[in-house]
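The sequence shown maps to residues 61 to 402 in the numbering used here.
These are computed hints drawn from the structure, not numbers from a lab. These figures come from a predicted structure and were not determined experimentally. Just so you know, even glycine gets a beta-carbon here, dropped at the ideal spot from N, CA and C. Just to be clear, a hint being listed does not mean it is correct.
Cβ pair distances, simulated, as ranges [claimed, not checked]:
| # | residue 1 | residue 2 | range |
| --- | --- | --- | --- |
| 1 | A290 | P108 | 51 to 59 Å |
| 2 | G250 | P89 | 43 to 51 Å |
| 3 | R379 | L294 | 53 to 61 Å |
| 4 | R168 | T256 | 12 to 20 Å |
| 5 | P108 | N263 | 50 to 58 Å |
| 6 | T282 | S100 | 49 to 57 Å |
Quick list of in silico lysine to any residue cross-link-like pairs, SDA-like style, CA-CA up to 25 Å [claimed, not checked]:
| # | residue 1 | residue 2 |
| --- | --- | --- |
| 7 | K287 | T396 |
| 8 | K287 | P233 |
| 9 | K287 | D253 |
| 10 | K287 | Q240 |
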Amino acid sequence: PRRATQLAPVLLIGMGLLPLGGARGAEAPTDCSPPVGWISSRPDATGPTRVEVGFYVNDINEISDAQQRFTTDALMDLSWTDPRLAPYAGCTVPRGTLWDPGLVLANRRSLSQLLPDRYTIGPGGRVRYLQRAYGDLSVRLDLHDFPFDRQSLEYVGVSTRYGPSELELVFRPDASGRRQDLLAAGWQIGDLDASTFSARMGNSPVELAGIRIGLPARRDATYFLWKFIAPLTLVVCMAWMVQWIDPSMAPSRIGLSATALLTVFAYQFSVASSLPRVSYATRMDRFFLGAIGIVLLGLVLSVLASELFRRERHEEARRLTRHGRWLLPAIYAAVTLAAFAV
Numbered sequence: 061p062r063r064a065t066q067l068a069p070v071l072l073i074g075m076g077l078l079p080l081g082g083a084r085g086a087e088a089p090t091d092c093s094p095p096v097g098w099i100s101s102r103p104d105a106t107g108p109t110r111v112e113v114g115f116y117v118n119d120i121n122e123i124s125d126a127q128q129r130f131t132t133d134a135l136m137d138l139s140w141t142d143p144r145l146a147p148y149a150g151c152t153v154p155r156g157t158l159w160d161p162g163l164v165l166a167n168r169r170s171l172s173q174l175l176p177d178r179y180t181i182g183p184g185g186r187v188r189y190l191q192r193a194y195g196d197l198s199v200r201l202d203l204h205d206f207p208f209d210r211q212s213l214e215y216v217g218v219s220t221r222y223g224p225s226e227l228e229l230v231f232r233p234d235a236s237g238r239r240q241d242l243l244a245a246g247w248q249i250g251d252l253d254a255s256t257f258s259a260r261m262g263n264s265p266v267e268l269a270g271i272r273i274g275l276p277a278r279r280d281a282t283y284f285l286w287k288f289i290a291p292l293t294l295v296v297c298m299a300w301m302v303q304w305i306d307p308s309m310a311p312s313r314i315g316l317s318a319t320a321l322l323t324v325f326a327y328q329f330s331v332a333s334s335l336p337r338v339s340y341a342t343r344m345d346r347f348f349l350g351a352i353g354i355v356l357l358g359l360v361l362s363v364l365a366s367e368l369f370r371r372e373r374h375e376e377a378r379r380l381t382r383h384g385r386w387l388l389p390a391i392y393a394a395v396t397l398a399a400f401a402v
């Protein structure tokens, strides 16, 4: 993808993620093949191995409500010290030839790695693993407050081999962040935060060390205001205006009320594909249902007023119509407050 290949050298150097000194400046030894037995043994078996985690979000291309996923371009920088590797300073070796924390993104769906899969060994056995990936991650979106919801786009890293007693994951704010002009259509993105946790896979009693890096996101409701709420408000106003027509004009009153009801149903079907498909009612769902109820009430009032007028109860028909003039907007205001403010 085009965005997935932009600005990589500038970003990496600017963050200090590329080793400009140290390992790069050191002269690599002739033998860059550490003993195979070191792969399965931690650098310091007397306590947890400290692994520092840097994370940078370059882009968020899409956030899908329906599919519960987001598409991202991000970099992860892992570093730890393995004193056994001090003689190999300056070496660059393929991943899988050294001990590593076995950290993977547990919520990945499909990711493409954009950098060589390798370790760089610096002075004193300082090991760095840098990787950039582009693809889809799953995310649990709580859409009860849609379209005024706030979400956390999470990158969930879990070690496949070590628990908290063996592995200490430490987030590095100085080597983490996001692109300042980061934009996701329809969302406002905040700054990174991170926390560590322990996880179990299925029913396994074994705990695994993990780190959760979150990117807060707030939905921009302006689109939904103009595309959904404003047009639906006009349909409700059409049903309300019927109450200003004299009850003697029954065909016009009932015809306009029925048209408003059909319009709101047709509008709901036309916009259904643009709304999240969830099993619970969102704020927008409650607003739609309330608007339909108000339009239906307007039709009922029109039918009752027309029937009263037909029975020559003219004053009662006009009184009902006058009540409808304030009743419908009052109910609409209550529905709007209940849907979006409570």
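Hints and how they fare:
1. As the Cβ distance of A290 to P108 is approximately 56 Å, the hint placing it in 51 to 59 Å holds.
2. In this structure, G250 and P89 meet the distance hint of 43 to 51 Å, their C-beta atoms being roughly 45 Å apart.
3. The given range of 53 to 61 Å is broken by R379 and L294, whose C-beta atoms sit roughly 27 Å from each other.
4. Distance hint for R168 and T256: a CB-CB separation of about 19 Å, consistent with the stated range 12 to 20 Å.
5. A beta carbon spacing of about 25 Å between P108 and N263 contradicts the range 50 to 58 Å that was offered as a hint.
6. A hinted range of 49 to 57 Å holds for the C-beta pair T282 and S100, which are about 55 Å apart.
7. Straight-line distance between C-alpha atoms of K287 and T396 comes to about 16 Å, which keeps the hinted pair within the 25 Å bound.
8. The suggested pairing of K287 with P233 is violated, with an alpha-carbon distance near 40 Å, which exceeds 25 Å.
9. Between K287 and D253 the CA atoms are separated by roughly 33 Å; this puts the pair beyond 25 Å, and the hint is violated.
10. Between K287 and Q240 the alpha-carbon distance is near 29 Å, which puts this suggested pair outside the 25 Å criterion.
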